[in-house]
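Assemble the complex: chain Z is given as a structure, and chains Y, E, A, V and G must be docked to it using the hints.
Protein chains: 6
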Amino acid sequence: VATVRLISDAEASPEVAAVFADIRATRRSDFVNAFWRALAADPPLLRATWERLKQVMGESREGGLDPLTKEFVYIAVSVANGCGYCVHSHTAAARAKGATDAQLGDLWAVIGMAGQTNALATALGVPVDGAFDRTSD
Amino acid sequence: VATVRLISDAEASPEVAAVFADIRATRRSDFVNAFWRALAADPPLLRATWERLKQVMGESREGGLDPLTKEFVYIAVSVANGCGYCVHSHTAAARAKGATDAQLGDLWAVIGMAGQTNALATALGVPVDGAFDRTSD
Amino acid sequence: VATVRLISDAEASPEVAAVFADIRATRRSDFVNAFWRALAADPPLLRATWERLKQVMGESREGGLDPLTKEFVYIAVSVANGCGYCVHSHTAAARAKGATDAQLGDLWAVIGMAGQTNALATALGVPVDGAFDRTSD
Amino acid sequence: VATVRLISDAEASPEVAAVFADIRATRRSDFVNAFWRALAADPPLLRATWERLKQVMGESREGGLDPLTKEFVYIAVSVANGCGYCVHSHTAAARAKGATDAQLGDLWAVIGMAGQTNALATALGVPVDGAFDRTSD
Amino acid sequence: VATVRLISDAEASPEVAAVFADIRATRRSDFVNAFWRALAADPPLLRATWERLKQVMGESREGGLDPLTKEFVYIAVSVANGCGYCVHSHTAAARAKGATDAQLGDLWAVIGMAGQTNALATALGVPVDGAFDRTSD
Amino acid sequence: VATVRLISDAEASPEVAAVFADIRATRRSDFVNAFWRALAADPPLLRATWERLKQVMGESREGGLDPLTKEFVYIAVSVANGCGYCVHSHTAAARAKGATDAQLGDLWAVIGMAGQTNALATALGVPVDGAFDRTSD
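Chains as they are written, first to last, in my numbering: chain Z, 10 to 146; chain Y, 10 to 146; chain E, 10 to 146; chain A, 10 to 146; chain V, 10 to 146; chain G, 10 to 146.
For reference, chain Z alone in the conformation it holds in the complex (with noise of 0.2 Å):
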């Protein structure tokens, strides 16, 4: 199921073929994933979050994260805000990216660690030390 129609190469107008096009280039691969397919419901939508995520996800500036960490990063995020398909689809780029065994299962473990200590501070409502604090270093 989903809120919106699949947008199949066939029925994609010459917007969206740009946008599908580019991320067939950009990733070197035919396969453009469901999630673009369904964002090609909005055509300025599905160009500017293309631009943006190629633009944080690609090689960064010197000293910056390197492709595979900023993924972990992801997948992170996205098991926390509880997104399903986020979590497949980026799990799935992380191993493309040469991700290891080993690390997932460190990103899992890390995962879970954080997800019960979250719950933990909140539940003891935790004051921020002062050392913590940079607001006027």
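Hints in this document: simulated from the structure, not taken from any laboratory.
The C-beta atom is built at its ideal place from N, Cα and C for all residues, glycine as well.
Partner residues aside, some chain V positions facing chain G, computed with beta carbon under 10 Å:
1) A85
2) L116
3) I120
Coordinates of chains Y, E, A, V and G only, in the frame set by chain Z:
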């Protein structure tokens, strides 16, 4: 404010004092942050949480994630769960482990991006592509 | 799958049947969606939920929000809470109340934007500006 | 800080004053906490919320949950939703209803455990076992 | 407290100052709220976020949502995500755009209602009705 | 769909088989649900998670929570986190431990109520009453 008293060193029972000592030894720092002082309200929970956290966030098996990457993942989960305390404590921890401004900037960009696309995937009800399924690989 | 049986018209007790009849009359449609058939597992909860929902989502007092705007707000909350069922049922309700593709496209864009900036504000731990406080206006 | 003014007894309209009086009578206490003073910004919402809360959190039908168990459930939801105010007010309410330190310690342990395994189940995308389905029992 | 320093006008680099100037011009107000001063920790992220927000929250294409409705949607998402800062800043923005007390009261009632039924739908595991599916309309 | 293969008994390594055997012995049932078969993708994580869950959800110290109350708390957290799998598995577990329809009806009512008032407290930005603070009791 907090839902429990924060336990000072002077008030710590022997069981609590032993955990505080191990926190100090492991981190090579005299500072015991408020999370552990709050959790000391229930000594068995304090001990179990610290033992597991020390194991998960420390050095991994061969080929696993390095400690700084784990902090980035932890921050990502904490942001998505809205745990302000955890965001502060683990951003400080990431900096202590060498995180640069460029890495933190990338981290925030990816967290923001994921927050956006998680919402879009859920709003559109996107069905998981068959290609992402590993159930019976 | 569901954690309760969905109650068909044939199985409905008089108390449940009365609520189903009011749903049909209020909506001028014979369709009773699965949410109410599941909630019928607890008739008092079914009745209290329906009575309140009918009141909140219907016509407002003078100067309040119109029913379609309420659906947009409902969808926004449901997306952020990750409730797939609710996203589907209220997107259908919004369309039934006349939502256009342009309005839904804008809705998704704002939901995505908020998902992004919510994450950024939490990641940065931004303190609330004094100008936003109304505690003692 | 708050997004609305907190209404003092002196400022309360007759409709608001009536709800404040019922809160005091029901709880046998003169204290009206800030949640109700904020909600007084919209008197019909104040009344509807209080009436429903009084009904849901009070004594149940024969065989239902006791009031203290309900507080534990309330705290659990509030932690997972990241509502600091609610965690504080309902932890205080649980203590007022007799919650012991051992019960609160267990509560925190279960909340933390669930936070961890919820994350793991979502990260792994675990499909629901057929044995758990009650749709058509 | 915050995880970064808030950048004052005096400290702003030329790139940051240009964004601050555009915020002031767009809003016709001298006030630059703390969110942007925190985000200035990473100038490219500041710029990309502001450019997109200006586009999404401003005047829409013909037939889209009006700016005040967008603020209501934004508030709804922010509440569900538990972002206190965002709730405060966008409630102030809604008032600045003319939101009345009756509209805000309705907004809170719908947000509360959705929070309740989202939880019920998830607790009951309600399957999506076939009638709500648009996958292959 | 899942992000990992589910491990059957035939495929289980000795380490995984030992955990599966302990699950069966502890629960006095031959059924090993999909969560554990998925978690078997990382045997050390499987073991650590099962050991801790067995400890937390089983019989408590004198004066702690009983196992059925723990299941109710677990369900509450899982609903708020939007973990469909967890809601299903722990609702089944609660029934296996004797939960009645009246108890489950009350549970759902409290979960729904909390979902509503959590949202209202966050929307209003209610400040924590001084009376609820235990920081320095």
